[in-house]
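The chain contents come next:
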Amino acid sequence: MSQIGRLVAQRLALGLLTLFVVSLIIFLCIELLPGNLAQEILGQGATPETVAAFNRELGLDLPPHERYITWLLDMLQGDFGRSLASQREISELLAVRVQNTFFLAGVAAIIAIPLAVTLGILAALYRDSWYDRMVNVLTLTSISFPEFFVAYILIIVLAVNLGMFPSISNISDDLGFWEKVYRTALPALTLTLVCVAHMMRMTRAAIINLMASPYIEMARLKGLKPGRIILKHALPNALAPIINVVVLNLAYLVVGVVLVEVVFVYPGLGQLFVDSVSKRDIPVVQACSLIFAMTYVLLNLLADVLSIMSNPRLLHPR
Amino acid sequence: MTIPASSNTFGGRASPWVSRIAMAAVHFFILVIFLQNVTVDTWSAVVGLLFAHLYSVVALTYWSKIERTAAGDTVIVTVTLEFVLMAAIFWERASAWPWSTLFGLAMVQICAFAAVKYWKDLRQAPASAWFGLIVILIYVMVAATAPIIAPYGETEIVGSEYDVWSNKHLLGTDNLGRDMFTRLIYGGRNTVGIAFTTTLLAFLIGGLTGILAAAVRGWLDQVLGRLVDVLMAIPSFIFALLILTIVGTSIPSLIMVIAVLDATRVFRLARAVSMNVVVLDFVEAASLRGEGLWWLIRSEILPNILPPLVAEFGLRFCFVFLFLSGLSFLGLGIQPPTADWGSMVRDNATLITYGDITPLLPAAAIAILTIGVNFVVDWFLHKASGLKD
Numbered sequence: 000m001s002q003i004g005r006l007v008a009q010r011l012a013l014g015l016l017t018l019f020v021v022s023l024i025i026f027l028c029i030e031l032l033p034g035n036l037a038q039e040i041l042g043q044g045a046t047p048e049t050v051a052a053f054n055r056e057l058g059l060d061l062p063p064h065e066r067y068i069t070w071l072l073d074m075l076q077g078d079f080g081r082s083l084a085s086q087r088e089i090s091e092l093l094a095v096r097v098q099n100t101f102f103l104a105g106v107a108a109i110i111a112i113p114l115a116v117t118l119g120i121l122a123a124l125y126r127d128s129w130y131d132r133m134v135n136v137l138t139l140t141s142i143s144f145p146e147f148f149v150a151y152i153l154i155i156v157l158a159v160n161l162g163m164f165p166s167i168s169n170i171s172d173d174l175g176f177w178e179k180v181y182r183t184a185l186p187a188l189t190l191t192l193v194c195v196a197h198m199m200r201m202t203r204a205a206i207i208n209l210m211a212s213p214y215i216e217m218a219r220l221k222g223l224k225p226g227r228i229i230l231k232h233a234l235p236n237a238l239a240p241i242i243n244v245v246v247l248n249l250a251y252l253v254v255g256v257v258l259v260e261v262v263f264v265y266p267g268l269g270q271l272f273v274d275s276v277s278k279r280d281i282p283v284v285q286a287c288s289l290i291f292a293m294t295y296v297l298l299n300l301l302a303d304v305l306s307i308m309s310n311p312r313l314l315h316p317r
Numbered sequence: 000m001t002i003p004a005s006s007n008t009f010g011g012r013a014s015p016w017v018s019r020i021a022m023a024a025v026h027f028f029i030l031v032i033f034l035q036n037v038t039v040d041t042w043s044a045v046v047g048l049l050f051a052h053l054y055s056v057v058a059l060t061y062w063s064k065i066e067r068t069a070a071g072d073t074v075i076v077t078v079t080l081e082f083v084l085m086a087a088i089f090w091e092r093a094s095a096w097p098w099s100t101l102f103g104l105a106m107v108q109i110c111a112f113a114a115v116k117y118w119k120d121l122r123q124a125p126a127s128a129w130f131g132l133i134v135i136l137i138y139v140m141v142a143a144t145a146p147i148i149a150p151y152g153e154t155e156i157v158g159s160e161y162d163v164w165s166n167k168h169l170l171g172t173d174n175l176g177r178d179m180f181t182r183l184i185y186g187g188r189n190t191v192g193i194a195f196t197t198t199l200l201a202f203l204i205g206g207l208t209g210i211l212a213a214a215v216r217g218w219l220d221q222v223l224g225r226l227v228d229v230l231m232a233i234p235s236f237i238f239a240l241l242i243l244t245i246v247g248t249s250i251p252s253l254i255m256v257i258a259v260l261d262a263t264r265v266f267r268l269a270r271a272v273s274m275n276v277v278v279l280d281f282v283e284a285a286s287l288r289g290e291g292l293w294w295l296i297r298s299e300i301l302p303n304i305l306p307p308l309v310a311e312f313g314l315r316f317c318f319v320f321l322f323l324s325g326l327s328f329l330g331l332g333i334q335p336p337t338a339d340w341g342s343m344v345r346d347n348a349t350l351i352t353y354g355d356i357t358p359l360l361p362a363a364a365i366a367i368l369t370i371g372v373n374f375v376v377d378w379f380l381h382k383a384s385g386l387k388d
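Each protein sequence line maps, in turn, to chains A and B.
Just so you know, we're using numbering that gives the first Met the number 0 here: the first sequence kicks off at 0 and counts up by one.
Just so you know, we're using numbering that gives the first Met the number 0 here: the second sequence kicks off at 0 and counts up by one.
Incorrect hints may appear among the rest.
[What the hints assert, rightly or not] Computed cross-link-like contacts, DMTMM-like style, restricted to lysine to aspartate or glutamate with a CA-CA straight-line distance of at most 25 Å:
#, chain 1, residue 1, chain 2, residue 2
1, A, K278, B, D346
2, B, K382, A, D131
3, B, K382, A, D127
4, B, K167, B, E155
These are calculated hints, taken from the structure and not from any lab test.
Excised from the complex, chain A in its bound form (with noise of 0.2 Å):
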């Protein structure tokens, strides 16, 4: 167990050191900017006296490193500090959103998850059947979808002619919890088309991986039963594999967000964040992206953990 608790704490370490440069990444964009922010923002009309007072409340007149410590420590008591454009508490902002978005893609997590794992372990036990071709196919072809069509071909079908779902998703808090997953159901449904393509081809990957292995044959030839093979030899050795494609899919889940909520006008983190980039609200995009930053650090780190915590051969040390 010592192996297992020194390799997940190196992995731990190793997630810190990068979500601190991450941070520093998008600390730093700003100073890539040419010339300068009250410059960019007020105009080239700015008074020396404005620009100066917007330096301040900004606390731009300050030295980068200093700014940085600030920066992180507020970001780290959940203080965002204030929208260019709309004046308002950017942690106000971000409340209600990031909780639409976790929301929309847990449902479609749940949904995506154990069918592509299903799909996935299927077209591996029937492999080069007429399944597994049309499988493979069929998720080429979703995978070279742009997310945008599949989202507009869902609202074709089932929103505009066949009047199923609202075609757009205005998610409330005051709404029931079945009410939401109803209006939540066209953006949730066009995520787990794009990923479960991808998540079932890596699945059926690792599987077909594993069963070319000796000891699978070894088993096969002693004459036991496929679902006992499947069960009892292949899946504890094909967890690993599985788990992280999974893990790493739901990391491409809250990136691939950000289109899909702006197809359906979904009130998400996404939205917010393409709204902020064309307005150029620099402190609203940099708190977005930080967040998005995170979480797919965290699940990567999450991914590694567990694949780490799942692996046999250190969980049962000789």
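With chain A fixed as given, assemble chain B onto it according to the hints.
Leaving out everything else, chain B in the frame of chain A:
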């Protein structure tokens, strides 16, 4: 003991390097002049120039290597003559856009060269690969000759808003009354052209640094490796949006940002596959015989890692293409009035809620091209791995 022969797929050392370098320098010089005032109008000139340059290099290399047969020569000459004939028939349009005509001619000839050279492989290709190749061919030709085949101008307003499909406007008009069919054709040229340039740049940066890191190792490898780790820690879509907020969305900055972010993936692959080659005997033999770094990279390492890199190029292109259309769809990529498939979907999305599928055509065009490229890459990978085993 014999010195192991290096596997060299390019021509021998006697290839006309001087003339090639001189030509490259001239092209680069003109390119720089053009790039200084890139606007929508000169964009076609830049693309034309780039491809004219690429074409001449490819033609020079392959003309010396190609297995010349009477049948092959006949095909190339016939195809060229056919294109010239077409240009002569539509001379009014063809002469109005000389760059497009030149570019189209180059593309036709490149395809003919390639088809003749790889005919043996092509004959055994599965149906899906043929589908992919034909799709790519059609897209390339349409992109090359966009102004010649498009019925109207790219940004020309020719009717009322949201006209239905008719003889005058094949696919109706868009939200500003511009011809949808024309925009679709031009959009193909812009989106595909920019995605291709970006992927090329990503491969130049990532591939070169990747091989270099594997060949030199030591601190260079460490520095580049950690840099790439850091760049990859942030999801690339988010990172791209963050940087584009700061530098603003112009076409050159778009290309640079996506290319650098994508180069990280290419770097990883190039480094990993070169690592396997660098440790082999023939590379050591070459370096012991006193060959320089550039020789090692170009003549010993590069030919041996080409198959995975080519396959990766296809996949990367798809990725960049989807990435770019995603950005444009959000209104943060290629800016209006330049036609582009992503922003066309966004601009006309209102029609979708009335059950009209016209706005989906650009999205479908994106999907078909990515599927085609994926099919070809699948076939190529299958073939490359089959030959090795």
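Structure-based check of each hint:
Proposed proximity of K278(A) and D346(B) is supported: the alpha carbons are some 18 Å apart, at most 25 Å. For the hint linking K382(B) to D131(A), the alpha-carbon distance of about 20 Å falls within 25 Å, and the restraint holds. Only pairs whose Cα atoms come within 25 Å are accepted, and K382(B) paired with D127(A) is accepted, the gap being roughly 18 Å. This hinted pair checks out: K167(B) and E155(B) have alpha carbons roughly 14 Å apart, not beyond 25 Å.
Hint violations for this structure: none, all hints satisfied.
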